[in-house]
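If you read the protein sequences in the order shown, they are chains A and B. If you number the first sequence the way this note's numbering does, the last residue is 271 and the count never jumps. If you number the second sequence the way this note's numbering does, the last residue is 697 and the count never jumps.
Bear in mind the hints are in silico, worked out from the structure with no lab data behind them. Only a predicted model underlies this, so the values are computations on that prediction, with no experimental measurement involved. All residues carry an ideal CB built from backbone N, CA and C; glycine is no exception. It is possible that some hints are incorrect.
Output of the computed footprint for chain A on chain B, the stretches with three or more beta carbons under 8 Å from beta carbons of chain A [said to hold, decoys possible]: (1) 309–323; (2) 452–465; (3) 520–529; (4) 542–551; (5) 561–571.
With a straight-line cut-off of 30 Å between C-alpha atoms, the simulated BS3-like cross-links for lysine-lysine are [said to hold, decoys possible]: (6) A/LYS268 - B/LYS387; (7) B/LYS387 - A/LYS95; (8) A/LYS43 - A/LYS127; (9) A/LYS127 - B/LYS387; (10) A/LYS264 - B/LYS561; (11) A/LYS194 - A/LYS254; (12) A/LYS124 - B/LYS523; (13) A/LYS95 - A/LYS258; (14) A/LYS194 - A/LYS95.
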Amino acid sequence: MNAFKKLTATLATSVALVAGMSAHAEFSLAGLSADEQGLAIAKERKARDIGWGDSASAVTMTLRNAQGEESIREMRMKSFEVSDDGDKGLTIFDKPKDVKGTAFLNFSHVEKSDDQWLYLPALKRVKRISSRNKSGPFMGSEFAYEDLSSFEIEKYTFKFLAEEQINGVDCYKVEQIPTDKNSGYTRQVAWLDKEHFRGQKVDFYDRKKSLLKTLTFTDYKLYLDKYWRPMQMDMINHQTKKSTELNTATLAFKTGLKESDFSKATLKRAR
Amino acid sequence: MNKKIILVGAALTISVAANVAQAADFELSGYVGAEWREHFEKGQFDNGDVKQADRQFGLTVEPEMVWSLGDGEHTLVFKPYARIDSEDDERSHGDIRELSWMTYGDDWEITAGLSKVYWGVAESQHLVDIINQTDFVEAPDGEDKLGQPMIKLTFIRDWGTVDSFILPGFRERTFPGEEGRFRTALPMDTDNAQYQAGEEDAHVDYAVRWSHTLEDYDLGLSWFNGTSRDPLFTPSAFVQVGPAPTDLAPTKLAPFYAQINQLGFDLQATIDSWLWKFEAIYRTYDDSVKNDFDQMGQSLEDYSATTGGIEYTFYGPFETVWDWGVLAEHQYDSRENGAIALGQNDAFLGSRIAFNDTASSEILMGISQDLDSSGTQSFILELATRVNEGVKLNVDIFLPMSDDDENVSYQFKRDDYIQLSLNYYY
């Protein structure tokens, strides 16, 4: 059950990692150092993802090994935006069937480690778990817990590298170095489109500084006229040749979720 | 088992369920399982008439039906359970694990019906957890529980969560039969359970628990008043063994369910990769029962017990993606009498690995050592992995050992087993 740890903040917010919004404020990198440019891009990306309130989604993960054999994970995710701290997230697992009903509650924090609880339906037991594990695989997939956590400026130092095209889209290429010593990565290279600051692609480098994984985002949809979310995320592990495809089946914002729906006391009734 | 209450509850729930069935979202899930348990040694209590099982096959089924109404505002759950055992008639049994209705508001929640509740934080022993009776025939670890009739009212406040319980009706513990394993030397006379309370299994129990999270600390304080889930034992089914009228000897042991008050406290600190866990209880009996047991030559006293320890997890050790946890817990019990108290002064050392693979493979190994009896210890191993979509394989090994016939574990010393089970989830 440790495998459920640290799915922070749900995909909806996680996708904020690289999703931007179409606020057409003046954005200029003129006269800044490469580090300042990287930070400015990150701040703009974060600024475009404020005010979404709450969201609920249904997600399918397809895990493929090097031989192409598939394994399916299904889950529902609820998120609640917290303005002065990290967001709250609740994930309920539907597949595999043997973990059906398992629920994971996460309070992410900007300044300190996250608070996490796991509900095990067979025992009816709510367990507080350590949020220390950032680099471990989520549900046996190629996504690590930290890949699915919400994007926060404090989690990285940034450096603007170049302007490049990804699939014909003009992008900023930015280096992100995790500040957390528990991260599984020495660095990430992210491509964000210049128009909406949405993630298009991320390369992840492991602790030995070799290229480990590549994440690509496709099929972006616009919600509440402001928030872009990718309906598909593909993570490929270059070293093991395994991959995980993450599809968002349904996603809705401002669903009427309350902060009280995200508590240890109410975790037991999550269905 | 309080059949009347269960039947009334069942009738009510089913009729309500039938009425709302059209309006409700219905979901069926659950599992069916096959199990093979092999014992390594002949039964300790084999004699001319009785032979304890050496090999047991089992079939289990546990469907769960959930009706959800009004966008989840009301939930009805029906979860029956059944096991068929090839050797032990007492182990073949059925239970209604859950038959309940739940509704909630912003800061409150009500559950009524048969349900299950878990309290506590420790791994090697569950002292504080008292609401549900143990379904002991399922497994000697006591993790399986019987459905408990309850009305549970929860209030959620800034200063914590309060769960209050009315428990109308009591469930007797299940015990293996004469030909089963994990039985006592004198077979259990489950048909003649004794009670302190005149209402017997219809006695209404009460419980309340406050729990709260303060930063890295999760804590709970609980109080229970009513029928003890842990039976005491009295000799029964006497036969004449000599000419005098007093030459009587018991042939069985009857469970005796006393009235108790119990205070419980549990605390977990979750700090970086460390989990610090502590549970404590203080249990009192009525003087009349203490006197009765004194006269039978069994000492019965108010007592306290604790379980405390740590769990430390290494994440991704040895360049793997494993979570490797190390557990150490100590169990203390203030009672002197080793024949009734498990975990008087025992240490548990264990290791848990989650492989974080596609099959969600996990292994837990541990050893318990009685620190007052060097020859009393037990070893456990639990392995779980998914062998196919929806099919889970479990391998369990349990090796109890004891050379001290004053120790409660002594009667299980030859009940070592390995068990394979396959469960199909739908």
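So, going through the hints one by one against the coordinates:
1. For the segment 309–323 of chain B, the stated coverage by chain A is violated: 0 residues have a C-beta nearer than 8 Å to a C-beta of that chain, whereas at least 3 were required.
2. Residue count for the segment 452–465 of chain B with a Cβ under 8 Å from a Cβ of chain A: 0. That is fewer than the three needed, and the coverage hint is violated.
3. Three residues within the 8 Å Cβ limit are the bar, and the segment 520–529 of chain B against chain A gives 0, so the coverage statement is violated.
4. Remark: the segment 542–551 of chain B is confirmed as covered by chain A, as 4 of its residues place a Cβ nearer than 8 Å to a Cβ of that chain, reaching the required three.
5. For a cut-off of 8 Å, the count of residues in the segment 561–571 of chain B with a CB near a CB of chain A stands at 0, and the three-residue condition is violated.
6. Annotation: proposed proximity of A/LYS268 to B/LYS387 holds, straight-line Cα distance about 11 Å (limit 30 Å).
7. Restraint check for B/LYS387 and A/LYS95: satisfied, since their Cα atoms lie roughly 23 Å apart, inside the 30 Å limit.
8. A threshold of 30 Å between alpha carbons decides the hint, and for A/LYS43 with A/LYS127 the separation of about 35 Å lies outside it, so the pair is violated.
9. With a CA separation close to 16 Å, the supplied pair A/LYS127 and B/LYS387 stays within the 30 Å bound.
10. The straight-line distance between the Cα atoms of A/LYS264 and B/LYS561 is roughly 40 Å, outside the 30 Å bound, and the hint therefore fails.
11. With a C-alpha separation of about 27 Å, the suggested pair A/LYS194 and A/LYS254 falls inside the 30 Å cut-off, and the hint holds.
12. Between A/LYS124 and B/LYS523 the alpha-carbon distance is near 35 Å, which puts this suggested pair outside the 30 Å criterion.
13. Straight-line distance between C-alpha atoms of A/LYS95 and A/LYS258 comes to about 26 Å, which keeps the hinted pair within the 30 Å bound.
14. Of the pairs offered as hints, the one joining A/LYS194 and A/LYS95 is violated, with about 37 Å between alpha carbons and a cut-off of 30 Å exceeded.
The structure does not agree with the numbered hints 1, 2, 3, 5, 8, 10, 12 and 14 stated previously, though it agrees with the rest.
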